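Peer 1: Read off the chains here:
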Amino acid sequence: MAADARHGPPSSVPALHVHHVSLRYGDATILEDVSFDLGAGEFLAIVGPNGAGKSTLVKVALGLKAPQKGHALIFGEPAGVEPKRVGYVPQLKTFDRTFPATAEELVITGLRRSWPARVRPAESAAARNALERVGAGALARRPLARLSGGELQRAYLARALVRRPELVLLDEPATGVDFLAEHDLYDLLESYQVDTGATVVMVTHDLSAARYHASQVLVINRRVHGYGRPEVVLCEECLEQAFGHRHHAHAISV
Amino acid sequence: MSILEALSFPFFQRALVAGLAIAVMAGLLGVFVVQRRLSFLGDGLAHAAFGGMGIGAFVIVSADLVGSRVGFINHPILIALPFSMLAALVIAWLRRGTRLSSDTAIGVSFAVSVALGVLLFSLIPPDANLGVSAMDLLFGSILGVRSSDLWLIVSVAVLASALLLLLWGRLGYATFDDELARADGLNTDRLELVLFLIAAVIIAVSASVVGVILMAAYLVIPAAAARLLARTLAQMTLLAVALGLVSTVAGLAISFYLDVPSGATIVLTQAALFVPAALFGRR
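Sequence lines, in order, name chains S and Y. Anchor point for the first sequence: position 161 equals 160 in numbering that gives the first Met the number 0, and the numbering is continuous, going up by one each time. Anchor point for the second sequence: position 273 equals 272 in numbering that gives the first Met the number 0, and the numbering is continuous, going up by one each time.
If you're looking for bench data, these hints aren't it; they were derived computationally from the structure. Given the structure is predicted, the values throughout are model-derived calculations rather than measurements. Hints may be right or wrong, so weigh each one.
Capping the alpha-carbon separation at 20 Å, the derived lysine to aspartate or glutamate pairs in EDC-like fashion look like this [as the list claims (entries may be wrong)]:
| # | chain 1 | residue 1 | chain 2 | residue 2 |
| --- | --- | --- | --- | --- |
| 1 | S | 64 | S | 81 |
| 2 | S | 83 | Y | 176 |
| 3 | S | 64 | Y | 148 |
| 4 | S | 83 | S | 183 |
| 5 | S | 68 | S | 32 |
| 6 | S | 64 | Y | 135 |
| 7 | S | 64 | Y | 126 |
| 8 | S | 64 | Y | 177 |
| 9 | S | 83 | S | 31 |
| 10 | S | 83 | Y | 177 |
| 11 | S | 64 | S | 26 |
| 12 | S | 83 | S | 26 |
| 13 | S | 83 | S | 41 |
| 14 | S | 68 | S | 31 |
| 15 | S | 68 | S | 41 |
| 16 | S | 83 | S | 95 |
| 17 | S | 64 | Y | 63 |
| 18 | S | 83 | Y | 178 |
| 19 | S | 64 | S | 41 |
| 20 | S | 68 | S | 36 |
Coverage of chain S stretches by chain Y, computed from C-beta distances (three or more under 8 Å per stretch; other residues unrestricted) [claimed, not checked]:
| # | segment |
| --- | --- |
| 21 | 27-33 |
| 22 | 44-53 |
| 23 | 109-120 |
Negatives, chain Y to chain S, calculated, CB over 12 Å [what the hints assert, rightly or not]:
| # | residue |
| --- | --- |
| 24 | 7 |
| 25 | 13 |
| 26 | 30 |
| 27 | 42 |
| 28 | 100 |
| 29 | 103 |
| 30 | 135 |
| 31 | 162 |
| 32 | 245 |
Glycine is no exception: its CB is placed at the ideal position from the N, C-alpha and C atoms.
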């Protein structure tokens with residue numbers, strides 16, 4: 000896998016280090032003693048049933064949720080120390096569709112980390128390049144409220160990639176996106192990864208996507224049920240342990 | 000008498016300057032209030048100011064401070080201001096620290112403050128000569144703005160507007176998507192707390208001078224109309240301020256010519272600007 004000069008040679012420091020993380024809400028255990036190291040340049044898919052703690056794990060990595068036990072480090076640093084090295088694509092349901100904003104403004108937040116009152120020419124050029132890269136160049140001036148699910152996802156991806164992050168974290172990026180847009184999304188991620196040597200972490204329900212696009216898979220249902228190469232981890236035994244039945248294993252074996 | 004002649008009267012000049020100052024700070028604040036779906040917050044904090052003024056008035060009368068010449072010591076705002084800020088902190092805590100939603104948290108503060116204000120104002124003897132009554136505070140009189148009130152309003156407007164402009168980008172980002180902003184290292188809890196405290200100061204000071212109802216209108220109607228017309232948050236902010244300024248000037252002028260209450264006319268002028276925005280604005 001090619002790594003560009005900006006990101007430098009592969010480091011011995013893991014891109015993501017999760018160390019004995021446990022998190023509870025009241026009586027409910029969300030994550031229990033979750034540990035793994037993800038090397039730089041890998042493409043990790045986090046899979047598991049609904050309520051398995053997949054999104055919570057990403058939020059712990061980003062510093063959005065504080066675990067009761069354990070910790071997570073990004074490139075050896077606690078979350079939030081160097082947010083510019085991280086590009087985050089949240090679930091689409093978190094944002095307010097009535098907010099008066101254009102796709103270009105959304106992408107610029109990835110550069111500024113604040114909302115732009117006035118768009119500078121250099122920022123506009125960078126935002127448009129990022130939007131073009133994800134096949135959404137024509138959307139720059141379009142209000143966010145008028146974008147489809149797939150178009151919005153592209154705008155969010157452009158926002159995450161405009162800062163050229165070394166780690167891209169995506170929380171169920173294919174939710175609400177049609178089949179073609181979903182495959183475009185995976186192709187874009189792989190292309191970005193090949194170009195820059197970046198690390199990608201993606202929460203997904205799609206075991207086929209995990210099987211065919213990820214280099215590493217974490218099977219989780221509150222605790223880790225498997226971690227490693229997809230052909231090893233996406234086995235009937237691991238999936239049955241995590242999902243409680245064999246249906247999912249059959250779904251990706253065809 | 001023409002409007003130019005009316006402008007030669009100091010009471011009309013004070014009303015105009017106070018209205019314009021409130022329009023600017025309420026417009027800047029209202030954008031975030033409307034976009035965060037906190038319109039009820041304006042009402043809640045304005046009524047908290049009413050409760051605070053009730054406490055202040057009661058303390059001043061009980062301590063026999065009426066007519067004191069020591070600074071603001073004879074003005075109930077001295078107590079209304081910290082009381083409103085405390086209400087803002089309680090609302091912020093109820094929102095973040097409990098399972099209560101914003102409207103419930105604000106509703107609790109609203110009801111308690113009004114009850115407190117009504118109770119305490121009822122205990123003040125009618126001959127106390129305080130210069131502030133419960134009816135004045137609820138419905139206000141922008142034409143009755145005193146010189147000392149004007150200095151207070153203009154000072155608060157300058158400071159609050161500067162702070163809101165300074166924080167505009169971060170507040171905008173956190174308003175758009177709290178989680179995204181936090182992932183980028185913004186302390187959105189602290190930002191919201193600062194926003195609530197700024198709101199408490201703006202609303203308490205303005206409501207104590209122009210009344211609870213006019214203040215709540217300034218906070219919500221121009222920003223809501225601007226939301227319907229604007230394509231971006233920056234446009235919405237400029238429009239909210241502009242609509243507040245226009246409605247102040249137009250409302251005062253119309254009330255002068257028709258000889259009707261100024262505060263109510265300003266609110267109805269804002270509503271007159273809102274209606275076409277709702278009918279013809281962006282969907």
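Peer 1: Take the hints in turn and mark each one as holding or not.
Peer 2: Tested hints:
Annotation: proposed proximity of residue 64 (chain S) to residue 81 (chain S) holds, straight-line Cα distance about 17 Å (limit 20 Å). Straight-line distance between C-alpha atoms of residue 83 (chain S) and residue 176 (chain Y) comes to about 17 Å, which keeps the hinted pair within the 20 Å bound. At most 20 Å may separate the alpha-carbon atoms for a hinted pair to count; residue 64 (chain S) and residue 148 (chain Y) exceed this at roughly 46 Å. About 25 Å separates the Cα atoms of residue 83 (chain S) and residue 183 (chain S), which puts this hinted pair outside 20 Å; it is violated.
A C-alpha spacing of about 8 Å is found between residue 68 (chain S) and residue 32 (chain S), which places the hinted pair at or below 20 Å, so the restraint holds. Of the supplied pair hints, the one linking residue 64 (chain S) and residue 135 (chain Y) is violated, its CA atoms being roughly 47 Å apart against a limit of 20 Å. With a CA separation close to 58 Å, the supplied pair residue 64 (chain S) and residue 126 (chain Y) exceeds the 20 Å bound. Pair hint residue 64 (chain S) plus residue 177 (chain Y) holds up; C-alpha atoms about 13 Å apart against a cutoff of 20 Å.
At most 20 Å may separate the alpha-carbon atoms for a hinted pair to count; residue 83 (chain S) and residue 31 (chain S) exceed this at roughly 29 Å. Using a Cα cut-off of 20 Å, the hinted pair residue 83 (chain S) and residue 177 (chain Y) holds, with the two alpha carbons roughly 17 Å apart. Among the hinted pairs, residue 64 (chain S) with residue 26 (chain S) is consistent with the structure: their alpha-carbon atoms are about 17 Å apart, no more than 20 Å. Restraint check: the Cα-Cα separation between residue 83 (chain S) and residue 26 (chain S) comes to about 35 Å, which exceeds 20 Å; the hinted pair is violated.
Using a Cα cut-off of 20 Å, the hinted pair residue 83 (chain S) and residue 41 (chain S) holds, with the two alpha carbons roughly 19 Å apart. Note on residue 68 (chain S) and residue 31 (chain S): the hinted pairing holds, with a Cα-Cα distance of about 9 Å set against a maximum of 20 Å. Distance check on the hinted pair: residue 68 (chain S) and residue 41 (chain S) sit about 26 Å apart at the alpha-carbon level, beyond 20 Å; violated. Straight-line distance between C-alpha atoms of residue 83 (chain S) and residue 95 (chain S) comes to about 24 Å, which puts the hinted pair past the 20 Å bound.
Among the hinted pairs, residue 64 (chain S) with residue 63 (chain Y) is inconsistent with the structure: their alpha-carbon atoms are about 53 Å apart, more than 20 Å. Simply put, residue 83 (chain S) and residue 178 (chain Y) have alpha-carbon atoms about 16 Å apart, close enough for the 20 Å limit, and the pair holds. Proposed proximity of residue 64 (chain S) and residue 41 (chain S) is contradicted: the alpha carbons are some 24 Å apart, above 20 Å. Straight-line distance between C-alpha atoms of residue 68 (chain S) and residue 36 (chain S) comes to about 17 Å, which keeps the hinted pair within the 20 Å bound.
Under the rule that three or more residues need a Cβ within less than 8 Å of chain Y, the assignment of the segment 27-33 of chain S is violated, with 0 such residues. Interface restraint, the segment 44-53 of chain S with chain Y: violated (0 residues with C-beta to C-beta distance below 8 Å; minimum three). With 7 residues having a beta carbon nearer than 8 Å to a beta carbon of chain Y, the segment 109-120 of chain S meets the requirement of three or more and the stated coverage holds. Consistency note on residue 7 (chain Y): stated as away from chain S, and its beta-carbon is indeed over 12 Å from all of that chain's, at 38 Å minimum.
Distance to chain S confirms residue 13 (chain Y) as a non-interface residue, since its nearest Cβ pair spans about 32 Å, more than 12 Å. The non-interface label for residue 30 (chain Y) is inconsistent with chain S: the shortest C-beta to C-beta separation is roughly 9 Å, within 12 Å. Every beta carbon of chain S lies more than 12 Å from that of residue 42 (chain Y), the smallest distance being close to 21 Å; the non-interface claim holds. A cut-off of 12 Å between C-beta atoms confirms that residue 100 (chain Y) is not in contact with chain S; the least separation is 16 Å.
No Cβ of chain S comes within 12 Å of the Cβ of residue 103 (chain Y); the nearest lies about 20 Å off, and the non-interface call holds. Remark: the non-interface label on residue 135 (chain Y) is consistent with the geometry, its nearest Cβ contact in chain S lying 37 Å away (cut-off 12 Å). Chain S leaves residue 162 (chain Y) outside its interface by the beta-carbon criterion, the shortest separation being 15 Å against a cut-off of 12 Å. For residue 245 (chain Y), the condition that its CB be more than 12 Å from all CB atoms of chain S holds, with the nearest at approximately 20 Å.
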